[in-house]
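Based on the provided sequences and hints, a complete structural model is requested.
Chains as they are written, first to last, in our numbering: chain A, 1 to 341; chain B, 1 to 341; chain C, 1 to 341; chain D, 1 to 341.
Please keep in mind that the hints were generated in silico from the structure rather than gathered at the bench. Certain hints may be false.
Pairs of lysine-lysine residues, derived as DSSO-like cross-links and limited to a Cα-Cα distance of at most 27 Å, are as follows [claimed, not checked]:
| # | chain 1 | residue 1 | chain 2 | residue 2 |
| --- | --- | --- | --- | --- |
| 1 | C | 277 | C | 313 |
| 2 | A | 313 | A | 271 |
| 3 | C | 271 | C | 304 |
| 4 | C | 153 | C | 43 |
| 5 | D | 277 | B | 18 |
| 6 | B | 18 | B | 43 |
| 7 | C | 313 | D | 167 |
| 8 | A | 18 | C | 271 |
| 9 | A | 313 | B | 167 |
| 10 | C | 153 | C | 271 |
| 11 | D | 271 | D | 304 |
| 12 | A | 153 | A | 43 |
| 13 | A | 18 | A | 43 |
| 14 | B | 271 | B | 153 |
| 15 | B | 167 | B | 271 |
| 16 | B | 153 | B | 167 |
| 17 | B | 313 | A | 167 |
| 18 | D | 313 | C | 167 |
Since we're looking at a predicted model, the values are computed, not measured.
Okay, here's what each chain looks like letter by letter:
Protein chains: 4
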Amino acid sequence: MISFASDYIAGAHPQVLKRLVETNLEPLPGYGEDVWCAGAKEKIRAACGCAGAQVEFLTGGTQTNQIVISTLLREHEGVIAARTGHVNTHEAGAIEYTGHKVLELPQREGKLDAAEVDGYIRDFYADENHEHMVFPGMVYISHPTEYGTLYSKAELEALSRVCRARKIPLFLDGARLGYGLMSRDTDVTLADIAALCDVFYIGGTKVGALCGEAVVFTGRNRPPHFTNAVKKRGALLAKGRLLGVQFDALFTDGLYFELSRHAIEMAEQLKAILHEKGVEFYLESPTNQQFVILEDSRVEELRKQVSFGFWEKYGPDRTVVRFATGWSTTQEELEFLRSVL
Amino acid sequence: MISFASDYIAGAHPQVLKRLVETNLEPLPGYGEDVWCAGAKEKIRAACGCAGAQVEFLTGGTQTNQIVISTLLREHEGVIAARTGHVNTHEAGAIEYTGHKVLELPQREGKLDAAEVDGYIRDFYADENHEHMVFPGMVYISHPTEYGTLYSKAELEALSRVCRARKIPLFLDGARLGYGLMSRDTDVTLADIAALCDVFYIGGTKVGALCGEAVVFTGRNRPPHFTNAVKKRGALLAKGRLLGVQFDALFTDGLYFELSRHAIEMAEQLKAILHEKGVEFYLESPTNQQFVILEDSRVEELRKQVSFGFWEKYGPDRTVVRFATGWSTTQEELEFLRSVL
Amino acid sequence: MISFASDYIAGAHPQVLKRLVETNLEPLPGYGEDVWCAGAKEKIRAACGCAGAQVEFLTGGTQTNQIVISTLLREHEGVIAARTGHVNTHEAGAIEYTGHKVLELPQREGKLDAAEVDGYIRDFYADENHEHMVFPGMVYISHPTEYGTLYSKAELEALSRVCRARKIPLFLDGARLGYGLMSRDTDVTLADIAALCDVFYIGGTKVGALCGEAVVFTGRNRPPHFTNAVKKRGALLAKGRLLGVQFDALFTDGLYFELSRHAIEMAEQLKAILHEKGVEFYLESPTNQQFVILEDSRVEELRKQVSFGFWEKYGPDRTVVRFATGWSTTQEELEFLRSVL
Amino acid sequence: MISFASDYIAGAHPQVLKRLVETNLEPLPGYGEDVWCAGAKEKIRAACGCAGAQVEFLTGGTQTNQIVISTLLREHEGVIAARTGHVNTHEAGAIEYTGHKVLELPQREGKLDAAEVDGYIRDFYADENHEHMVFPGMVYISHPTEYGTLYSKAELEALSRVCRARKIPLFLDGARLGYGLMSRDTDVTLADIAALCDVFYIGGTKVGALCGEAVVFTGRNRPPHFTNAVKKRGALLAKGRLLGVQFDALFTDGLYFELSRHAIEMAEQLKAILHEKGVEFYLESPTNQQFVILEDSRVEELRKQVSFGFWEKYGPDRTVVRFATGWSTTQEELEFLRSVL
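Structure follows, in structure tokens:
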């Protein structure tokens, strides 16, 4: 069946898989100590324009959020996130599992506001009993957000200023980073992110890899004994090459950006088709995820021919659903969708 | 200095201390296996009108919230609480320390609304991805709330109905329970609470004891190996008698209710004095805590003669402050306050 | 360089990789809900001769130990393991990270003794203060062990009897299970393991997969909300297909057993070469890992041409080193080793 | 009934209770910010001969071990302890609950050997895979030990040297410290302990208080945000005065030492009686606990008139039991024991 259900419906981009096949028989040391990991890290540093960056590979998004947050926070600290942030809503309490609170702030289109973050921290320290409270120790944002929206460069700069003034790290969840960078409506580059964030990750799982996320610590701030922390959380791969080879492929000849651009091109066509068919948008995003409102009867009908994602109920008879494109979305699939919508 | 700073400014009610002195030399087994613990449990069961209740003694409020919540929740569950709930704001992340999320809901005057709780749970199960989320596994309320307000019997009944329909326990934090029960504006009795809640505690620390909270499991639902769980959390007292003797004294001849009633009588006089002096109320509560708004200059002046609690800033030049009465508050102290306000 | 450093030096067995390539473009649901996971589970149930088994796929060995142990133990329980057990020594405290103690018992050649386990549990319950202690709640064994040794069927039966009499699960870590099953010196079959253990896993990472372990709950004892528990620990793969496709390949036409048998054949030849060269064995195992004692000078010399593993110092001038074979070990590599030893 | 069951069978020393009564009505700030806590800390610093010491009060022994260890260890570290150490055996896994491993070493009469500790740490760092292991991050000893035995000054010095050379803290559990200091067979003073340990605690619960332990950080090494850490673990008392007043009393006019000396005097007479009666010693300790071996029939008979502690079975027909003295033990009680033994 044709699927717009998510950006992780297919395996890996063929070029990524090809590299796994080509390197398969090389005997390599385990646990990420191999040459492919080293090479991929170098290529990522170059792509970020951040020669001093420390890069680490992990397997999935929730795992990465859990490990980055729990290793960078000190014990008395929690992480500020939008109420709709992935870490706050759809990770089964993975942050709290490590003993840390997610400090919810209001959101607009999935985004945090720098002034609001600053106000929250100021009020926190104004409270005479703040030693009885959870200290704000990090700011978590996602880019694209859970709604596919993007921070502008000015918004990121404002958040970065607040974080640096308050001396707490700014962490950007880039599970879908490629789609943000290749959006037609962004003024934010990878180098900007490396310059403005203290730590972020470049999503592989949702952008062409079988699995894998590349964490970038931009300020020599990788936690000490990071490998031990990863192992302790059950997340250290014996065959670290699986991640190194894939990221090496993604960051060779700009593949990561190219396949992200393809998904964006497909998303723009998707939006045009949805408009053409008079479908009401819940949120028209500048990236690869589009949220529209459908009558429940239409949802039921359409599901027989096309896969897409349930988001939430919208009144008694309608539902918000999500259509996502990805590197594997084809022109033919869009035409099919047009024909059945 | 005269103090209205809190309801834990003095030691224990003299009658409580007297019992500690009288029983001091009795050789008793440790860890709560003594006759005074047994006797106090029996008296509490009687006071609750709940012969089958299981009673356990713990040392302090945050500890009690942490232990009750973390032993009753299953691993995939979190606890619903008002945004202003003590467990959500002023316990340094003690719940998250045990690996569980506090699921924030909006509050009015510190209270949760049964319909909103029900809606939250319904929406949770409607989400197709709810296995990726934290399950609502308990409802936490405080009575009196952090603002000194009280649930009506009808409100408690509504919450209880929701919880029982959804098969999750209703937990009432009664750190200041006596002041709620003795309020002039309540229709809720201790027996009502025992009938409507699945677990609650009767606060000792803030109601006349040196320390101690009596947890009441009302439905044979004390977690198995509870002593082990308490020990594992570092909370098992070697001399459990310290808690048993105090609660025995508090529940002999109605002392707990009598000293609570005294604090309420003092609070009513306090409110009258504040009104008489034209002080603006932030929240005039039916219990022993009153929240008023003072000019910052007045705060500074008054602090030289009287202790009271800072609550939060209220605009640029004013502050919300808290005055609390307790079992040890005297007529003379109120007269003094009147003379300097 | 020729490497006998471990059994995870190469990528995946070519047949496994081929299946990943062939299925790569199929649009599939995420999180293990795909047809390949379903098919692989069915094939594993068949191979185990256990139609009612519940099979789950995880990514790596430490992760699997951590998740199985922490989801099956109750809060007051710990896991019994040999002092040399992987969970006790080389997993960075991953079990303790989940709040559970590893209860060390003595070992012989990496193995636990059933009578000793039974005695430990008996003594535990004889202690009048056992509610102050960590309850024995599971027995963990590895097969092959960390030393490459194997339990006999009689030994496994004895452990199983103790566990069932004591009503605690027996958990077998099969990170290298294939090499145990294909050993020339074993009377234990996969069906025996499924019959005698309550939960075990079939290692993929060290036996031909890029990553992946298949957990088998043999008695309808998969913990409730297991997906939520996996997500909460950061271990749920978005593209669960990565595991399903690989295990489908491994359990098609007996590939898992065939490649294990090859590694054993290579190991037998390796042992012969080591004997022929007069190398002293520290422990001559019936599986794919061999432990020998070399002069430090010889270690240094040999390392220039061959990779192998450091195990531990053995007196001032000698070292225990490990040679491991795997599915990718070739006749030519053995000949080369013979030539340089 | 006459009881030698433990050193926590009675309430508080009368002088301690008297001070609680005398100060009961003073209005004081909460959470340990009161004058009695401040005064007690000053007196303890003086008694330790360590003007720069940082003193903190906690409620019980397991709680103190849990908090000290989990706040001083870094995430990748565990704590070395004797196999028989209280933290390893009788605290329900309270250390593991905080995510840290107890690293067991062999013991002799409850004690660790400095050379063995040093060897363990050396071997740890020699392992090439030590990033996959739990780092030794602290050494825990108890003094008196769980067997009532004592380290000599030379033994403590040796342990201290090892810890300082390895840059890890030495932590002494002094739940029964007074009985160690007042033993007739010790050359170790409180000042020695303060000089040789990085952190230790002076037990109150078992030495004359209702509850309370005084933690002494000897090298400006109190963890930052310690109050927050205590609150997060549910251990912060609202009425911190309860601990401050008691320790103030214990450290006024040498009461702590005086009542410990009394218990030792009683223990010496107890030993004489046991010898006189031909009772076989399991371990004759220099402090207030004595371990003897009794026929099971004699145990049963004696229990009708005297309380004492079960330790462990000793062959089929005999049992090791413990007799403990304390500040409340009287000459009459000893005479009674003599009469019925």
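Results of checking the hints against the structure:
{"no.": "1", "hint": "277/C to 313/C", "in the structure": "21 Å, holds"}
{"no.": "2", "hint": "313/A to 271/A", "in the structure": "21 Å, holds"}
{"no.": "3", "hint": "271/C to 304/C", "in the structure": "21 Å, holds"}
{"no.": "4", "hint": "153/C to 43/C", "in the structure": "24 Å, holds"}
{"no.": "5", "hint": "277/D to 18/B", "in the structure": "41 Å, violated"}
{"no.": "6", "hint": "18/B to 43/B", "in the structure": "19 Å, holds"}
{"no.": "7", "hint": "313/C to 167/D", "in the structure": "24 Å, holds"}
{"no.": "8", "hint": "18/A to 271/C", "in the structure": "36 Å, violated"}
{"no.": "9", "hint": "313/A to 167/B", "in the structure": "24 Å, holds"}
{"no.": "10", "hint": "153/C to 271/C", "in the structure": "24 Å, holds"}
{"no.": "11", "hint": "271/D to 304/D", "in the structure": "21 Å, holds"}
{"no.": "12", "hint": "153/A to 43/A", "in the structure": "24 Å, holds"}
{"no.": "13", "hint": "18/A to 43/A", "in the structure": "19 Å, holds"}
{"no.": "14", "hint": "271/B to 153/B", "in the structure": "24 Å, holds"}
{"no.": "15", "hint": "167/B to 271/B", "in the structure": "41 Å, violated"}
{"no.": "16", "hint": "153/B to 167/B", "in the structure": "20 Å, holds"}
{"no.": "17", "hint": "313/B to 167/A", "in the structure": "24 Å, holds"}
{"no.": "18", "hint": "313/D to 167/C", "in the structure": "24 Å, holds"}
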